[in-house]
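Two chains, two frames, a set of hints: combine them into the complex.
So the sequences go chain by chain: A and B. Oh and the first sequence: position 73 is 73 in my numbering, straight run, nothing missing. Oh and the second sequence: position 127 is 127 in my numbering, straight run, nothing missing.
Just so you know, not all the hints are guaranteed correct.
With a cut-off of at most 25 Å between alpha-carbon atoms, the simulated BS3-like pairs for lysine-lysine come out as follows [what the hints assert, rightly or not]:
| id | chain 1 | residue 1 | chain 2 | residue 2 |
| --- | --- | --- | --- | --- |
| 1 | A | 544 | A | 342 |
| 2 | A | 530 | B | 10 |
| 3 | A | 338 | A | 539 |
| 4 | B | 60 | B | 170 |
| 5 | B | 6 | A | 27 |
| 6 | B | 6 | A | 530 |
| 7 | B | 10 | A | 544 |
| 8 | A | 181 | B | 6 |
| 9 | A | 273 | B | 6 |
| 10 | A | 273 | A | 539 |
| 11 | B | 42 | B | 106 |
| 12 | B | 51 | A | 150 |
| 13 | B | 17 | A | 273 |
Read the hints as simulated data drawn from the structure, not as lab findings.
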Amino acid sequence: MASLAPTTPWTEGAKDDYRGCPVTTLKVDMHTERLIIANAVMAVVTLALGGIAALLIALTRWQAIHLLPAVWFYRLLTLHGIDMLIAWIVFFEMAGLHFGSTILLNARHAAPKLAWTGFIMMTVGGLMANAVVLFDPNSNVMFSAYVPMKAHPLFYLSYILFAVGALITVITFFINIVTAKREGRFTGSLPLVVFGLMTAAILATYTLLEGAAAIVPAFFWSLGILAEYDPGIYRNFFWGFGHPAQQVNLAAMVSIWYALAQMTVGIRPVNEKFSRLAFILYLFFINLGSAHHLLVDPGLSFAWKAVNTSYAMYLAVLGSMMHAFSIPAALEIALRAKGYRKGLFGWLRNAPWGEPGFSALVLSMFLFGWIGGVTGVTIGTEQINMLVHNTLRLPGHFHATVVSGTTLAFMGFTYYVIPLIFRKELKLKSWAKWQPYIFGFGMLLTSMGMIVSGLQGVARRNWDITFAGVVPGTVEISLAVFGVGAILAVIGGIMYVTIVLTSILTGPRLEASNLLLLTGTHNPIIDSTKLTDHQMEDKQNQPKGALVLVFAFLVWFAIYYFTNWWLLGRTWFIR
Amino acid sequence: MLAPEKNWWKPMGRMEKSWLTVAFVWCVFLTVMMPLWYFYGKQNVPTETYKTSPADYGAKVNAFVEQYTIGTDEATGFPIVAAPPGSDVYIRASTWQWYPILQLEKGQEYRLHISSMDLQHGFSLQPVNINLQVIPGYDYVATITPTSAGEFTIVCNEYCFVGHHTMVGKVFVTEEK
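Just chain B, with the same shape it has in the complex (with noise of 0.2 Å):
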């Protein structure tokens, strides 16, 4: 709190020295280990977008649902869609619902698009724990593969007003055939 002696600009003592020398060799690893995540691991942000709108992503969406559909959830009476491995998948966001309901098979690598319809939103995929930022006017492709089988949720984890706890989809994923 008090103006400090003329010649302030002093040499650092032994302790702040080495304790300066680790904190930034700590903050260069910090550094290094995400381009490493990069290049070696499996689980990466995905960075594929395109503009899109929400009448062609809709009309996407439609597309696909209409070709793939293989039965109806008896909860919802969405359609349950199951594309081949490897293809293009599409979930709608909308307030207050995840469009269609997919299955996928673990182990196949497939392209899933994510985009909103009106409000942002969240897409928390549960219990593996995937979060990713849905924004409307954004066609966000990630390539995913399942590590695991069985029946997973969608849980809205951005605000989109007072419906927005009740905002809730499912995917399955069946054992490698």
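So here's chain A without its partners, still in its complex pose (with noise of 0.2 Å):
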């Protein structure tokens, strides 16, 4: 390995310094890095802490062992929100901002005072909201927080805290692109990954000030200052803040999608074109889905309901399909210019299935799209969602989109981030090779496992469902499968947590001599450089086995679609 890079002024008189990164020779800013390595270390801390309560409720919820008594499972149940849905991932996607918005472009991080304030805002406000959860007896209100359920008025200040602060990291990430153009740092357009981010970054923005619509307003309530909070007007703003913040997540997924397909294969996009316009449609549309939490709430009309939950034409919905078949095409197009051109499917088999990297990638666009997707689309469909609202089918489909699809793509970006940013040796290197395929599995067992007891009527956020005494006995199998997928999924975590800690604290501080952790010594990121327009457009390398794998999905995808309104046509006459 070579050794430290020597760094050197930025620019004549600036503070800021630089080190060259070895592998991709881009200029890797030191305030960036910081930046990086201290919110990718609150994301690995939270998530640790969420995943300690996900074990512990996943075993209550799994009927034969019920494990917590009721009060500890409604305050782990809100910690695991917390942790998971809001630190763990903006966490992550605020060291995303600071790599895509200096690294990426070869320039400096223009604002870091600013970005440390942000990081230590949501730090305090992340820790805090723990606290409070776990020694206030009545701020276990789930994290959705219902109003008129009141929570301790830290409950909602600890959010406030956190949202500006990952407010204050996002106009960091502007400021620092326009600093970038400004001073020339990178000519034409943004790299795609930039862009996705970017795409993240204004979904960002308005997300969270459509969070400070709902939540101040009830720490004001929560003080008595403000006397009265209607709470269907509470559950507009707030899934104004809660939907949106799951598309974040999604345009950031796609983003390190197209990052770890360049890593670990060597993809060149597509059509660049194509590629752009899918984030478009999520920046134009997808802000209309937080009518998904709305669709069988009183006072809404069908027409709002339904325009708004069809992202006006499943535009969105459109963007996430025309991804899905972008980033196979690149694979197997990458792929097949490297000689395996056997059959529909040869680039497949030969693809480096033993890179975490890849893994990871694979099997979160798998589970994203197949299981994730489907049936978020299908509840998300007015009249569907009578059959789905508040049972475990909801946590079902949104553990396969964020934890299966995000949470599993992030874990896989991570093992690249501890050479590159860390700067130190990934240890424990064949447990990273299995550790996607654990998690995956696990959350597999586990969507699937909450999406059939939710199919069966089971209630979610449910201490004990035996209590109504309606459950058929095929719930207990279900329920089983859920609570067996959890235990694999974190024993995946356990190792994830694991190969990081022990590869960031212990060995010396070493420059990354190569890209790819287990699969070779090339440099994908340069092979995809050198993939000509010839080889892209030749006959023998067009993505047929992608075009097949998307019909298949389309497939799939109506099969569930039509039995969800079969089973709708089943029940009692509503209107």
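As structure tokens, then:
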């Protein structure tokens, strides 16, 4: 391995330092490096906290074990939602925004002090939320904290601190990009990955503003300053924050998908226009999806619900379906160009399955699309939502999107951040090879167990469903599948945290010498620059296999979708 | 991750175009299904809503129970209430009970009112699996026709604090007369 790169002045007279990355030849601003490390560490810490809660609540819902007492179940479920859905994911995304707005543009961090302010606010907010939920008897109100259920004022304050901190970090992303452009660090358009992160940052801006619209009044209401707070209005604003927040995750995850595909296989985007249009569809239409949570609420008309829940006309779904072709197609072309041209799927057989970034990418895409996406669109159908609202099918859906999808992609990406940003050798490499498979398979079982239980009417956020006395015996089986899956996923999570901590806490600081961790010494990013137009357009390299895969996906989508209409048609008449 | 070439606005390939077309047609179809079912389907999400207050709604429930009670449920001590087909029937959600117990007749239409006296609750009728949100201050009216007879359970599926899982109610549906 090469020795430490010297840090040289960024510009004449400026205080900022950078180092050159020996693997990617990119400039790494030292402020960015420290910010990424801090955010990534907080992400892993909160993931560990949320993961402990995950294990305990899953073992409680597994009816045969039924581990925790009711109050602790609800308390840890609240904690699990906050640590996973907010803290882990947002900290990781903030690290991603610092990375995308400086390193990928060969640019400096233009507002490090502001960025640290944001980070400190997020850290204080995140830890405060954990403390309030654990120690205040009235604050086990779930992540959604529906008014008029009243938590401690500090609960709302912790949300506000975290959100303002995140907003500040998002602002530094824009400052960095504008500065980089002004200083001529890059010419022409933003790289696709940064373009995707920019989509996430724009979505995050109004998501966080809507969060303020929901939570700030709730804070004053909890203090007694605001006498009344209409629960219907709260729901509207809260989901104006809560749902788009997941779309921030989506845009960030898709960006990471493109990055992982380039880092592990050396893809070139098949058509930049196609991929960028797909991100733009997210930008314009995905915010309407907050209606998904209000489909069986009183007071809203059919027209309002139908237009909003369908993202105007499923145009955001169209965006995801475009990426669903564009990324596998790019992988297929890159692999075919290497000579793996046999049959429809010869390229897939010869893909680097032992490389954690690649397996995490493929499993993340598969579970996100085939389970998360299909169930999401189906339960977001206005009438079908009546069968699904607040049943376990709902967490079944979003554990497939935000855990099997986003979390798994972020985990895979972390393994490359360790040598490239932390400048530490990745330890426990053989664990890293298997970790995505164990976590992915565990989450597959978790989601399926939840979905099948929910189909049978099992409610979410419920300590003991046997009180109702209506659940069929088969629920015992599906809840056990959920439990076993959760244990496997937690094992995968423990492996991830152990790999990360062992790598960053032991051994000397080392400059990375290789991009791939396990499957060779070539540099796929450099390979990708050598893919010629001729190779991209070569008849033998065309992505026929990827096209077959997306059509198979469409067939599965249609089967699941129509089965749900059929189920709806069998229930009582209602209007 | 790398900057694209200067002019990346290029026509899409044949495969991208065909997938985009198919995906777009599917999206249009998904959109059309909702209004189609709205006009022709028998199961639609109720929209009829009135503003109310816990005091007003509670008074309506009490008047309804007084008028139509036909007996008492042994297990809970709650009144069993049977109103004539076509009439307004009421259910009151509060921590942690559904009140009263309704008796309906299969194949007959009822205007079912649901509201909450305190927190948000979730009306989840099992095993037919119909789920509606219950919000205090909103009188939500679902026009329902039971298509099966027997004993049904209302589970609360919106978390309403630590006794949430104990919030269970009943609905009886008699065979067609």
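Structure-based check of all given hints:
In summary, the hint linking residue 544 of chain A to residue 342 of chain A is supported, as the alpha carbons are separated by about 12 Å, within the 25 Å threshold. Only pairs whose Cα atoms come within 25 Å are accepted, and residue 530 of chain A paired with residue 10 of chain B is accepted, the gap being roughly 19 Å. Under the criterion of a C-alpha separation no larger than 25 Å, the hint pairing residue 338 of chain A with residue 539 of chain A is consistent with the structure, at around 14 Å. Pair hint residue 60 of chain B plus residue 170 of chain B holds up; C-alpha atoms about 19 Å apart against a cutoff of 25 Å.
Of the supplied pair hints, the one linking residue 6 of chain B and residue 27 of chain A holds, its CA atoms being roughly 22 Å apart against a limit of 25 Å. Between residue 6 of chain B and residue 530 of chain A, the direct Cα distance comes to roughly 17 Å. Compliance with the 25 Å bound is thereby established for this hinted pair. About 21 Å separates the Cα atoms of residue 10 of chain B and residue 544 of chain A, which keeps this hinted pair within 25 Å; it holds. Between residue 181 of chain A and residue 6 of chain B the CA atoms are separated by roughly 15 Å; this keeps the pair inside 25 Å, and the hint holds.
With a CA separation close to 12 Å, the supplied pair residue 273 of chain A and residue 6 of chain B stays within the 25 Å bound. A C-alpha spacing of about 21 Å is found between residue 273 of chain A and residue 539 of chain A, which places the hinted pair at or below 25 Å, so the restraint holds. A C-alpha spacing of about 15 Å is found between residue 42 of chain B and residue 106 of chain B, which places the hinted pair at or below 25 Å, so the restraint holds. Note on residue 51 of chain B and residue 150 of chain A: the hinted pairing holds, with a Cα-Cα distance of about 22 Å set against a maximum of 25 Å.
Between residue 17 of chain B and residue 273 of chain A, the direct Cα distance comes to roughly 12 Å. Compliance with the 25 Å bound is thereby established for this hinted pair.
Hint violations for this structure: none, all hints satisfied.
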